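Take a look at the letters that make up each chain.
Protein chains: 2
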Amino acid sequence: MSDATQQYWDLIKEQKAYEEAIALMHWDLRTKAPKSGMEYRAEAISYLSQQSHRLSTSDKLKELIDELKPIAEDDILIKSLAESEKEYDRNKKIPEAEFKAYIMLQSKAESVWGEAREKGDFSLLQPYLEELVTYKKKFASYWNAEQHAYDVLLDMYEPGVTMETLDEVFPALRKSLTNLLEQIKQSNVKPDTSVLQTHFSKEQQKAFTISVLKKMGYDFEAGRLDDTIHPFEITLNPKDVRITTRYDEEDFRMAVFGTIHEGGHALYEQNIAEALAATPLASGTSMGIHESQSLFWENFVARSEAFWKGHFEEFKTYAPASLKEIDFDTFYQAVNEVKASFIRIEADELTYALHIMIRYELEKALFKDEIAVKDLPEIWNSKMEEYLGIVPDSDAQGVLQDIHWSGGDFGYFPSYALGYMYAAQFHAKMQDSLDTDNLIEKGDFAPIKQWLTDQIHQYGKAKKPLELLQDVTGEGLNADYLVSYLTEKYSKIYQL
Amino acid sequence: MSDATQQYWDLIKEQKAYEEAIALMHWDLRTKAPKSGMEYRAEAISYLSQQSHRLSTSDKLKELIDELKPIAEDDILIKSLAESEKEYDRNKKIPEAEFKAYIMLQSKAESVWGEAREKGDFSLLQPYLEELVTYKKKFASYWNAEQHAYDVLLDMYEPGVTMETLDEVFPALRKSLTNLLEQIKQSNVKPDTSVLQTHFSKEQQKAFTISVLKKMGYDFEAGRLDDTIHPFEITLNPKDVRITTRYDEEDFRMAVFGTIHEGGHALYEQNIAEALAATPLASGTSMGIHESQSLFWENFVARSEAFWKGHFEEFKTYAPASLKEIDFDTFYQAVNEVKASFIRIEADELTYALHIMIRYELEKALFKDEIAVKDLPEIWNSKMEEYLGIVPDSDAQGVLQDIHWSGGDFGYFPSYALGYMYAAQFHAKMQDSLDTDNLIEKGDFAPIKQWLTDQIHQYGKAKKPLELLQDVTGEGLNADYLVSYLTEKYSKIYQL
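Same order as they appear, the protein sequences are chains A and B. In terms of the working numbering, the first sequence opens at residue 1 and continues consecutively. In terms of the working numbering, the second sequence opens at residue 497 and continues consecutively.
Bear in mind the hints are in silico, worked out from the structure with no lab data behind them. No experiment lies behind these values; they were computed from the predicted model shown. Heads up, some of the hints might be wrong.
To be verified - Each computed DSS-like pair below joins lysine-lysine, with the alpha-carbon atoms no more than 30 Å apart:
id, chain 1, residue 1, chain 2, residue 2
1, A, Lys-32, B, Lys-556
2, A, Lys-215, A, Lys-92
3, A, Lys-35, B, Lys-556
4, B, Lys-565, B, Lys-945
5, B, Lys-633, A, Lys-35
6, B, Lys-509, A, Lys-92
7, A, Lys-35, B, Lys-588
8, A, Lys-60, B, Lys-588
9, B, Lys-528, A, Lys-92
10, A, Lys-108, A, Lys-35
Claimed, not checked - Reference listing, derived: stretches of chain A covered by chain B, where coverage requires no fewer than 3 residues with Cβ under 8 Å from a Cβ of chain B:
id, stretch
11, 23-30
12, 210-221
13, 236-248
14, 283-292
Beta carbons: idealized from backbone N, C-alpha and C, even for Gly.
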């Protein structure tokens, strides 16, 4: 190995040391850390983040990239350099003073968002959002003046995806989903979810979900499961991939589906090839592909008929008495109820993508200057009515529900819907080589996990999302698979 | 504030960020971290430690110290600069290559120690110990060529304490303790500890210890209690002081006294004055003073007659049936049984200091070249016989029991005995203003905690250990208080 190559890998290792420390500090804050220590902790995180930022924008790194790029022959090195260069450029191109001001604004906006949501008063947040949009437009122009600002932002979360990509699939998907929703509304089948709402102890819920996580192949020697208010997956290092979940003792669905969802994210991170471990390629390739893995396990596995056929008896051994008396159909229908609702994170798998499309359309219009920030609540509500047939009483239940925009995260939402489409495409492709229904029913998840590892996980960031999709499925983004899956599943449940 | 002063405090803050990250990583490794991630974690810790070390030996720091020392007027700044300079000198004076070789040797020796202890074979460890002693002599000469090497090492753990200090108190203390032990052996009172060995669930033990910790004033909003194999206290930041404990469900003494011991350490760290928080003075002033605080709570409070008089009924509400039937005297005698034993960390409060003295005498002789490393097992055993009247069957129960020497920690052991003497002196002094027995019996620990805070905790490292002792008690190190305390307590228990 050349001197420069060694120096480059050493620098990456240093970055990873900071990243691990910062990730652990965040994990600890969200799981365990005593309240009073938060202020000191925030200062420590801030300093370590600065150090990490300094490394990723150092002249040294730039010199190494410039020296190695023309001569690198190894594929991992070439792609790692490209990742490092992308990060370097992204960080370097924003003038430091502007970046600092933006960080201040962001943290202020997030705290105002909390207040605005509590009071249901969008006007409190409006000026901050206006400023954030202005900043993000400016940053996008620094990053890439030749692309439309919103395309530049989309690329941050989903490299290669543009408005054009989305506009090719979203309108048809929306039409299919709203049609299906309409039919479901008119169906005589009315799932009774009240049967699910019964006291189910946290310990028993946990025992069941751990049993499922183990069958999925989540490696508890290289991870752990904890409780938090907001469930998440976090990677400390390639052999330390933690997940958290939240238990509602009156509604087991939160923890059961939530844990399996985070488990899907974790499987991705735990199964990236060892050869990528100490490189910038050692993580999921995009927000959307990551979400495809969590949604695959949550929806395509854990909400499937096959899963419950095979696991209902086991589930009952953990469940309280009243759940043991429910017949299979009542139960299966109840866990798959479709119902227009206001809150995205509580939406069922059919209406979920409609929530995303509303956000996408608003973001796009904002960045195209077709609407102003002040118009958001009104347009939000009218789109809710158009797509879901319901109108929120207050902005707290509407435009103020998500923290993303207050954090400056414009362009992030589409990844949720993309992940869903990817998952359906992967699921369809998987049928070529595996009888997934049969495997899922038997609880024999190993071949499924192996397929996902072989096709997706192992590559980490070494393949871009659309490249990966093409390699796995032989085609590009295609919403038909999701539509077919949902149509088939819900036609059966709702006897359409 | 001058520019240089501000720069100095900024630098300290940076050091603290590293220290917090490293402390959290260690805490996590010992409490929660998944096994498979250890190797990556070790690399991250090693890199961050290097960064922290780089800061504490930076030319920048040295320049700031040199600039500020002659002009500093503020007491906190003056003492902080002195601490920083001491650390700078200590780290700078060892040639880097030697330090690296030493670190390698140390880590190798610790792993060989595990094997040697398992096999009860001292000869495996001997060559490593010989090298470690050679290194430590050399390091001591770098640090301070004018003092005897062992005095230099003692000063690292207990600033100001020398062999002379120890030799003034240890022999008389040893004579008193061995006399007392002899009388106890001949007493007709034979505490029955078998009554304590009964199944006592972890949850109930924990509930009782938490109740005591709360009465002690341990702030759970600025700390937390977890389970580990080896109990410890660790400070992440001034408002995040964590403790751990170990539960033996067949012998509650481990967790009850162990938790209170760690709680004593934690109270010290939690009650250092806010003004010292972001300075190098924000920790306990020495190993010995720290130990005085843990031993104060463990022995002078939690093993006292007053404590059990006041808490036996509460204790019984948590305890299993068989413990509820024991009468007070049987119970109190059993938790205070004195018995010569091989293992230091399992020793009772009377014989404990004898274990320490054996180690001190061996260390001193080694560093004075009066004995060789190879002689350690034999001399160990003969001293055990002389002081405690028992001889270990194997070196695993003898000279190999502690990890300290394999880690190069020579000069550390005396602090344990010093802590004990300090605690007795503080306890005696406290009687001038507080009726401690009465307060302890009532469980009214607040005035005791306040006294300790006013007299000791608040000062952190702003007072050196012997200076603090003088200020609090009006005298220097004096073993008489410990002897009186033990004589009085055990004469009563054993009817001497």
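Evaluation of the provided hints:
no. : hint                  : verdict
1   : Lys-32/A - Lys-556/B  : 36 Å, violated
2   : Lys-215/A - Lys-92/A  : 45 Å, violated
3   : Lys-35/A - Lys-556/B  : 34 Å, violated
4   : Lys-565/B - Lys-945/B : 35 Å, violated
5   : Lys-633/B - Lys-35/A  : 45 Å, violated
6   : Lys-509/B - Lys-92/A  : 26 Å, holds
7   : Lys-35/A - Lys-588/B  : 38 Å, violated
8   : Lys-60/A - Lys-588/B  : 26 Å, holds
9   : Lys-528/B - Lys-92/A  : 37 Å, violated
10  : Lys-108/A - Lys-35/A  : 21 Å, holds
11  : 23-30                 : holds (count 3)
12  : 210-221               : holds (count 3)
13  : 236-248               : holds (count 6)
14  : 283-292               : violated (count 0)
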